[in-house]
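Chemist: Letter by letter, the chains look like this.
Protein chains: 2
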Amino acid sequence: MAGDGEEVRNKQVVLKDYVSGMPKESDMCINTESKIKLKAPDNAVVVKNLYLSCDPYMRSRMRKLDSPSFVDSFKPGSPLSGYGVAKVVSSGYPNLKEGDLVLAWGTTGWEQYSLITAPETLLKIQHTDVPLSYYTGILGMPGMTAYAGFYEVCTPQKGERVFVSAASGAVGQLVGQFAKLSDCYVVGSAGSEQKVDLLKNKFGFDAAFNYKEEPDLDAALKRHFPEGIDIYFENVGGKMLDAVLANMRVHGRIAVCGMISQYNLEQPEGIHNLMSIIGKRVRMQGFLAGDFLHLYPKYLMTVLPYIKENKIVYVEDIAEGIESGPAALVGLFTGRNVGKQVVCVAKE
Amino acid sequence: MAGDGEEVRNKQVVLKDYVSGMPKESDMCINTESKIKLKAPDNAVVVKNLYLSCDPYMRSRMRKLDSPSFVDSFKPGSPLSGYGVAKVVSSGYPNLKEGDLVLAWGTTGWEQYSLITAPETLLKIQHTDVPLSYYTGILGMPGMTAYAGFYEVCTPQKGERVFVSAASGAVGQLVGQFAKLSDCYVVGSAGSEQKVDLLKNKFGFDAAFNYKEEPDLDAALKRHFPEGIDIYFENVGGKMLDAVLANMRVHGRIAVCGMISQYNLEQPEGIHNLMSIIGKRVRMQGFLAGDFLHLYPKYLMTVLPYIKENKIVYVEDIAEGIESGPAALVGLFTGRNVGKQVVCVAKE
Numbered sequence: 010m011a012g013d014g015e016e017v018r019n020k021q022v023v024l025k026d027y028v029s030g031m032p033k034e035s036d037m038c039i040n041t042e043s044k045i046k047l048k049a050p051d052n053a054v055v056v057k058n059l060y061l062s063c064d065p066y067m068r069s070r071m072r073k074l075d076s077p078s079f080v081d082s083f084k085p086g087s088p089l090s091g092y093g094v095a096k097v098v099s100s101g102y103p104n105l106k107e108g109d110l111v112l113a114w115g116t117t118g119w120e121q122y123s124l125i126t127a128p129e130t131l132l133k134i135q136h137t138d139v140p141l142s143y144y145t146g147i148l149g150m151p152g153m154t155a156y157a158g159f160y161e162v163c164t165p166q167k168g169e170r171v172f173v174s175a176a177s178g179a180v181g182q183l184v185g186q187f188a189k190l191s192d193c194y195v196v197g198s199a200g201s202e203q204k205v206d207l208l209k210n211k212f213g214f215d216a217a218f219n220y221k222e223e224p225d226l227d228a229a230l231k232r233h234f235p236e237g238i239d240i241y242f243e244n245v246g247g248k249m250l251d252a253v254l255a256n257m258r259v260h261g262r263i264a265v266c267g268m269i270s271q272y273n274l275e276q277p278e279g280i281h282n283l284m285s286i287i288g289k290r291v292r293m294q295g296f297l298a299g300d301f302l303h304l305y306p307k308y309l310m311t312v313l314p315y316i317k318e319n320k321i322v323y324v325e326d327i328a329e330g331i332e333s334g335p336a337a338l339v340g341l342f343t344g345r346n347v348g349k350q351v352v353c354v355a356k357e
Numbered sequence: 010m011a012g013d014g015e016e017v018r019n020k021q022v023v024l025k026d027y028v029s030g031m032p033k034e035s036d037m038c039i040n041t042e043s044k045i046k047l048k049a050p051d052n053a054v055v056v057k058n059l060y061l062s063c064d065p066y067m068r069s070r071m072r073k074l075d076s077p078s079f080v081d082s083f084k085p086g087s088p089l090s091g092y093g094v095a096k097v098v099s100s101g102y103p104n105l106k107e108g109d110l111v112l113a114w115g116t117t118g119w120e121q122y123s124l125i126t127a128p129e130t131l132l133k134i135q136h137t138d139v140p141l142s143y144y145t146g147i148l149g150m151p152g153m154t155a156y157a158g159f160y161e162v163c164t165p166q167k168g169e170r171v172f173v174s175a176a177s178g179a180v181g182q183l184v185g186q187f188a189k190l191s192d193c194y195v196v197g198s199a200g201s202e203q204k205v206d207l208l209k210n211k212f213g214f215d216a217a218f219n220y221k222e223e224p225d226l227d228a229a230l231k232r233h234f235p236e237g238i239d240i241y242f243e244n245v246g247g248k249m250l251d252a253v254l255a256n257m258r259v260h261g262r263i264a265v266c267g268m269i270s271q272y273n274l275e276q277p278e279g280i281h282n283l284m285s286i287i288g289k290r291v292r293m294q295g296f297l298a299g300d301f302l303h304l305y306p307k308y309l310m311t312v313l314p315y316i317k318e319n320k321i322v323y324v325e326d327i328a329e330g331i332e333s334g335p336a337a338l339v340g341l342f343t344g345r346n347v348g349k350q351v352v353c354v355a356k357e
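Keeping their order, the protein sequence lines are chains W and B.
Sequential numbering of the first sequence, starting at 10, is according to my numbering.
Sequential numbering of the second sequence, starting at 10, is according to my numbering.
Be aware that a few hints might be false.
Copies of the same chain are indistinguishable here, so a pair counts whether it falls within one copy or spans any two.
[What the hints assert, rightly or not] With a straight-line cut-off of 30 Å between C-alpha atoms, the simulated BS3-like cross-links for lysine-lysine are:
hint	residue 1	residue 2
1	248	73
2	133	73
3	57	231
4	231	73
5	167	33
6	248	209
7	211	317
8	211	20
9	231	106
10	44	317
11	248	44
12	231	96
13	84	231
14	133	209
15	211	57
16	33	189
17	248	96
18	221	96
19	209	106
20	57	209
Don't read these hints as lab results, they were simulated from the structure.
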């Protein structure tokens, strides 16, 4: 396939300009004119992208970020980039060969083929008896986020009361299932009846509620946690966080994974109930999965058997074709996706 | 002294009613009519109060608190209570005898004499070659707060950049000195030139600023911490916390000890920069000294030599006479005190 410099057309999802407010499909365009040589130079690989991951953190990269930040801004006029599953089509890097499947840890382009000049960031996929797309979700960054956030940051004890927001999302659905495997009581919130149904009937949450139908979040939490919350896995921020702070138990823990409700606001909402963390000795901790990559092999060994034995299930929302990328990404911020949002660029 | 039921007059500082907004001296009154028998019943002691501690957390007890809370409301019509140094004048409790000096851990009354019915909460003072009043400060709850908050919660490393707000107060002045003893760079904020001078010239802070003279707290912090803050010892909350959140370094820690700027507001100010704790993986932790009481003997053994060798200094603001109690307590919230505010009820 990779002749000495065969050049092919390479469709890309390009950011047109920095975005303010809610991102729209029209903030991106499909560039059909770009071309790429399918021959990798030394110490680089060329990959064919199969599955691209739509992740909320990508919103921050659509604005001009002050440096230093933990991520870079996307470059207007260039394709987006992120996590994805890809196949090596040409390798100038000794540790990878043509045909290898890889998980790009935040480093592949939103395009059909990518030249990866830092191939040491690619993780070679060893286990292919599960859906390949899972490496953008349960077997990738979101999975590690749920695992490290729940076990390492929240340090759960049997019987503790766990609350997860955005609970049917890529990360939340796993946190809830980990919590049940740890004999915790777990309640999730989500934004539609369909998602609430998934939480209760597919992921095994003890209870769930649709936050859009709750005029008083504090009352909703008090109904589900009359004795308070030990662990909050924070995905949304804003009013939900404020309501949770008013309902934490002594020595509670809050793993701050994301605050998706705030990403499109010019000025984030104010949080008013922080003072309560003193008397209740609450620990609130921001974290990124990338700090726990040393646990990834252990995580895979733990979660692969659970998947095969159906002890953990994973719901994905797969959009077909790279042209669907802008809509799929934008949909994260209106909650259009049900489960982990993936873009399938090619099946193999 | 303690005849079989000798009854003496017992002046008290009484809370008149629950307080909203900024507390005023007139929210309290001096009751000169109360009497007390100086003979302790079985399993109780009667103490003569020598030094009473004025602590910001007492503000919360002046309002009607929802239960459960980590403290109870004061009872309108009854004396305040809190931390203090006292002398046993009559004992029905085998572990204490007449003449013993004790540190009451939150449990003595704002009055000349108190009947203590839970004498097991009293810590017998063993070291009397330091000012007795220190047991309300550096050798008491504020000292343990600084010690546990800095060493246990903030886990400082040599060379780290530490910021302390309310830095000349009972706790802050110690945090700054502990930070210097740990080879950290430490900057403090306070509310007057006199206090800033103390920070720099008496407590050995590397730098200090008067927050009231800084129109832009973010700019003030950037001036003192061009590379950001590793450790923030939080005593004030509100706008200062928001400015600090914007200036934390990756893997920074915030020990949340108090938020004195918020205690008299009907609705706490909103905190807008919490989202930054995700990308920077900041840990924010509320704590109370009471959770670290097991470390108190170790702390005393550490700090007593430092005091005697003048390696740590401690500034107190001592109001004379129980009648000065209301003004002393209220003064905490306007920053009138310079150093640890104590009320001296009697010298012995």
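Chemist: All hints, please: hold or fail.
Modeler: Taking the hints in turn, this is what the structure says about them:
{"no.": "1", "hint": "248 to 73", "in the structure": "both (26 Å within a copy, 25 Å between copies)"}
{"no.": "2", "hint": "133 to 73", "in the structure": "neither (32 Å within a copy, 60 Å between copies)"}
{"no.": "3", "hint": "57 to 231", "in the structure": "neither (50 Å within a copy, 45 Å between copies)"}
{"no.": "4", "hint": "231 to 73", "in the structure": "between (40 Å within a copy, 20 Å between copies)"}
{"no.": "5", "hint": "167 to 33", "in the structure": "neither (43 Å within a copy, 47 Å between copies)"}
{"no.": "6", "hint": "248 to 209", "in the structure": "within (23 Å within a copy, 41 Å between copies)"}
{"no.": "7", "hint": "211 to 317", "in the structure": "within (16 Å within a copy, 66 Å between copies)"}
{"no.": "8", "hint": "211 to 20", "in the structure": "neither (37 Å within a copy, 67 Å between copies)"}
{"no.": "9", "hint": "231 to 106", "in the structure": "neither (55 Å within a copy, 48 Å between copies)"}
{"no.": "10", "hint": "44 to 317", "in the structure": "neither (40 Å within a copy, 76 Å between copies)"}
{"no.": "11", "hint": "248 to 44", "in the structure": "neither (46 Å within a copy, 51 Å between copies)"}
{"no.": "12", "hint": "231 to 96", "in the structure": "neither (49 Å within a copy, 46 Å between copies)"}
{"no.": "13", "hint": "84 to 231", "in the structure": "between (45 Å within a copy, 28 Å between copies)"}
{"no.": "14", "hint": "133 to 209", "in the structure": "neither (35 Å within a copy, 56 Å between copies)"}
{"no.": "15", "hint": "211 to 57", "in the structure": "neither (33 Å within a copy, 65 Å between copies)"}
{"no.": "16", "hint": "33 to 189", "in the structure": "neither (37 Å within a copy, 51 Å between copies)"}
{"no.": "17", "hint": "248 to 96", "in the structure": "neither (42 Å within a copy, 50 Å between copies)"}
{"no.": "18", "hint": "221 to 96", "in the structure": "neither (41 Å within a copy, 60 Å between copies)"}
{"no.": "19", "hint": "209 to 106", "in the structure": "neither (44 Å within a copy, 62 Å between copies)"}
{"no.": "20", "hint": "57 to 209", "in the structure": "neither (38 Å within a copy, 61 Å between copies)"}
Hints 2, 3, 5, 8, 9, 10, 11, 12, 14, 15, 16, 17, 18, 19 and 20 from the earlier list are contradicted by this structure; the remaining hints agree with it.
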